[in-house]
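Peer 1: In the numbering used here, the protein residues as written are 1 to 515.
Just so you know, not all the hints are guaranteed correct.
Estimated spans, in silico, between C-beta atoms of each pair [to be verified]: (1) 193 <-> 316: 38 to 48 Å; (2) 267 <-> 304: 31 to 41 Å; (3) 194 <-> 245: 39 to 49 Å.
Hint data in this document are derived by calculation from the structure and do not stem from the laboratory. Here the structure is a predicted model, which is why all the values come from computation and not from measurement. Glycine included, each C-beta is placed from N, C-alpha and C at the ideal position.
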Amino acid sequence: MTAASTGLAPAPAERPPARAWPVIAALAFAGFAVSIVHTIVIPLMLSFPRLLNSSPATVSWLVTATLLTAAVSTPLFGRLGDQFGRRRMLFAALTGLLAGSLVCALTSNAAVMIAGRALQGTGIAALPLGMSIIGSVLPPERRGAGIALLSSLLGAGGAVALPISGVISQHADFHLLFWLCAAVAVVAMAVVRIAVPSTPVQRGQRADAVGAVLLVLALLALLVPLAQGRIWGWSSPLTLGLFAASVALLVLFTRVQLRRAAPLVDVRATVRRPILLTNLASVLMGFALYASFLGTASFVEAPRAAGYGFGASLSTAALCLLPGGLLMLPLSPVTARISARWGPKVALVSGALVVASGYLARVVFTASLWQVVAGACVISAGTGIAYASMPALIMDWTPARDTSAANGLNALARHVGTSLSSAAGSALLGSFTITVAGVTLPAERGYLLFFGIGGAAALAAATVAVFVPPTPGPSTATPGPDIARPSTDIATAPQIARSLQLRRRRAGSAIAGGS
């Protein structure tokens, strides 16, 4: 076997390892830049109809459009990164973030701003691409810490963005938010260009255009009604028809992928037990994280006359989420140590159980503001641990050449969980209401039920993760239908020879032991 037969570009046999911390720092900053996208507009959603001279139904697409393009771009950019270079696609994702930020900063037209927000959503693909770059260019002893740090930024960036957005929306022109996003994107592109090395590409493979179109249509048919079902009605023909279309399109997409020599999504690998269960746990954890973000701020803002709120300002409510988001960062090395010693499966189960305990506290202790903040911190801490373990699990069970696509699908699973959480929160908080001084507000039991479901989702994630097989170690990661964990991105002749020699030694040891 040669490098050419693997479909990968040839590389020198003695490739010096990349310097760890400059790469991790550059990718971490890029991750922070894109992680603020989802939450940066949330404090302004009640004000946007007035600021943009539009309806609430229209401005709701400022969140929906970003979610849709993020969900679509993460698996697509992941596969393109495996085929054409992860660093190149990472730069493309950051370019989308920059372009979308500039569009939003230069307009007050609702339709144009929705288009800009859609462009911003493509930047989310930078996170799974960054994790795959860490796995391919850094030495093994540095990968765990880097992956954990990037994963923790998913929550930390959002938690930092909320108070910044709240302060700017109260004291300055909202366009400043998008100029800030553009500036951060420019810096991220610069540090990526300087510090992140190029990665190998798989040559001789064509992009699966048909599969990409089918996947985009299937995700749109699934996520649009989840985001707009509250407005359209959950039993409306449009909502139900799109859900049915998403099922049909996913079935067709699966059949097409099974017939492709180089599919957009390796369906057979995706349905293997370790990958399938990890992605299912990711959906549940995505639900649990967003339930805390969505419910805590509005809970704190509710007037005391409602019987449960604290009458906090927009900025104060956003600040209540900041401690939990920042807590994720120092926990990332802790997660790396847990994964290194006991495996990422243990970290995932532990993190999910911590989240469940946090939601229990959110349901029981609601009398004081500090109790609400403490409960939110526990939820964020557990989510940080769980999120950091998921990419490690995915990469432990995925061929190195396919890690970008696999991490993209895992990120998609979290986006689906976020969409489900948003839909459930809107339905519950809209179903249980009270009237205070002529204003309709969610009732406390709606929040408590929502938080209870968030805790149940975390418990379900822990249960699912228990059944993930132990991570294959050096002595167990042998070729076979259930384990696909090659040791390198590039198959060179000396490496193959060493691998064959090692296998012969193991086989000889096994025969000697059996005799």
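Peer 1: Any hints from earlier that this structure breaks? Give me their numbers in increasing order, please.
Peer 2: 2
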